[in-house]
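Note that the working numbering gives residue 44 to position 43 of the sequence shown, counting from 1, and the numbers run on in steps of one.
Keep in mind that a hint or two might mislead.
Within a straight-line C-alpha distance of at most 20 angstroms, the following computed SDA-like cross-link-like pairs (lysine to any residue) qualify [to be verified]:
1) LYS18 with PRO37
2) LYS6 with ILE16
3) LYS18 with ASP33
4) LYS89 with CYS99
5) LYS31 with GLU12
6) LYS82 with GLU71
7) LYS8 with LYS18
8) LYS76 with ILE86
9) LYS8 with GLU19
10) LYS6 with ILE34
11) LYS18 with SER62
12) LYS89 with GLU77
With beta-carbon atoms standing in for the labels, derived distance ranges [to be verified]:
13) LEU44 with LEU65: 22 to 28 angstroms
14) GLY50 with ARG7: 15 to 21 angstroms
15) LYS89 with LEU44: 44 to 50 angstroms
Simulated from the structure, these hints should not be mistaken for lab results.
Since we're looking at a predicted model, the values are computed, not measured.
Ideal Cβ positions, reconstructed from N, Cα and C, are used throughout, including at glycine.
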Amino acid sequence: MKNKKRKTTQEKITIIKEARDNGWVETARKHDISYPTLQSWKLRFESGGETALSGKLDISSGELKKLMRENQKLKELVAEKELEIRIKDELLKKRSYCR
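Work out the full structure: start from the sequences and follow the hints.
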């Protein structure tokens, strides 16, 4: 595959429509993209439309804030668990030295 240029959302839609009319394998070859890539575009387009092909998330600012808070809580939980593990490891080392 020579041309590694990213396709725009509109180009992807045009290629999908062309593939429906002319065949999937032939269209993939013509546009120098892999058949699995073309099928992936097709499935994403059928399930989520143009937005799904653009790769952009369609998320509200409220949802984003909620996800960011949840992410922060999870990071804090991971840090807490890592600290617990370090403390337990230190205690185990001290016990093994005492024997």
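Task: LYS31 paired with GLU12 [C-alpha distance capped at 20 angstroms] - done: The given pair, whose Cα atoms are some 13 angstroms apart, holds under the 20 angstroms limit.
Open item on the list: So if I understand the rule, the pair passes when the alpha-carbon distance is 20 angstroms or less; does LYS18 with PRO37 pass?
Closed with: holds, 16 angstroms
- [ ] Could you grab the alpha-carbon distance between LYS8 and LYS18 and see if it respects the 20 angstroms cut-off?
- [x] Holds, at roughly 14 angstroms.
Open item on the list: Can you confirm whether the C-alpha distance between LYS89 and CYS99 stays at or below 20 angstroms?
Closed with: The given pair, whose Cα atoms are some 15 angstroms apart, holds under the 20 angstroms limit.
TODO: Would you mind confirming whether the straight-line C-alpha gap from LYS6 to ILE34 stays at or under 20 angstroms?
DONE: Distance of about 10 angstroms is within 20 angstroms: holds.
- [ ] Take a quick look at whether LYS82 and GLU71 sit within 20 angstroms of each other, Cα to Cα.
- [x] holds, 16 angstroms
TODO: Sort out whether GLU19 lies within 20 angstroms of LYS8, counting only the CA atoms.
DONE: Cα-Cα ~15 angstroms, so holds.
Task: Range hint compliance [Cβ, LYS89 to LEU44, 44 to 50 angstroms] - done: For LEU44 against LYS89, whose Cβ atoms are near 46 angstroms apart, the range 44 to 50 angstroms holds.
Open item on the list: If I claimed the Cβ atoms of LEU44 and LEU65 lie 22 to 28 angstroms apart, would that claim hold in this structure?
Closed with: Cβ of LEU44 to Cβ of LEU65: about 26 angstroms, so the range 22 to 28 angstroms holds.
Open item on the list: Between the beta carbons of GLY50 and ARG7, is the distance compatible with 15 to 21 angstroms?
Closed with: holds, 19 angstroms
Open item on the list: With the threshold set at 20 angstroms, check whether the alpha-carbon distance from LYS18 to SER62 stays at or below it.
Closed with: violated, 33 angstroms
TODO: Please work out if LYS18 and ASP33 have their alpha carbons no farther apart than 20 angstroms.
DONE: Holds, at roughly 16 angstroms.
Consistency with the previously given hints fails for number 11 only.
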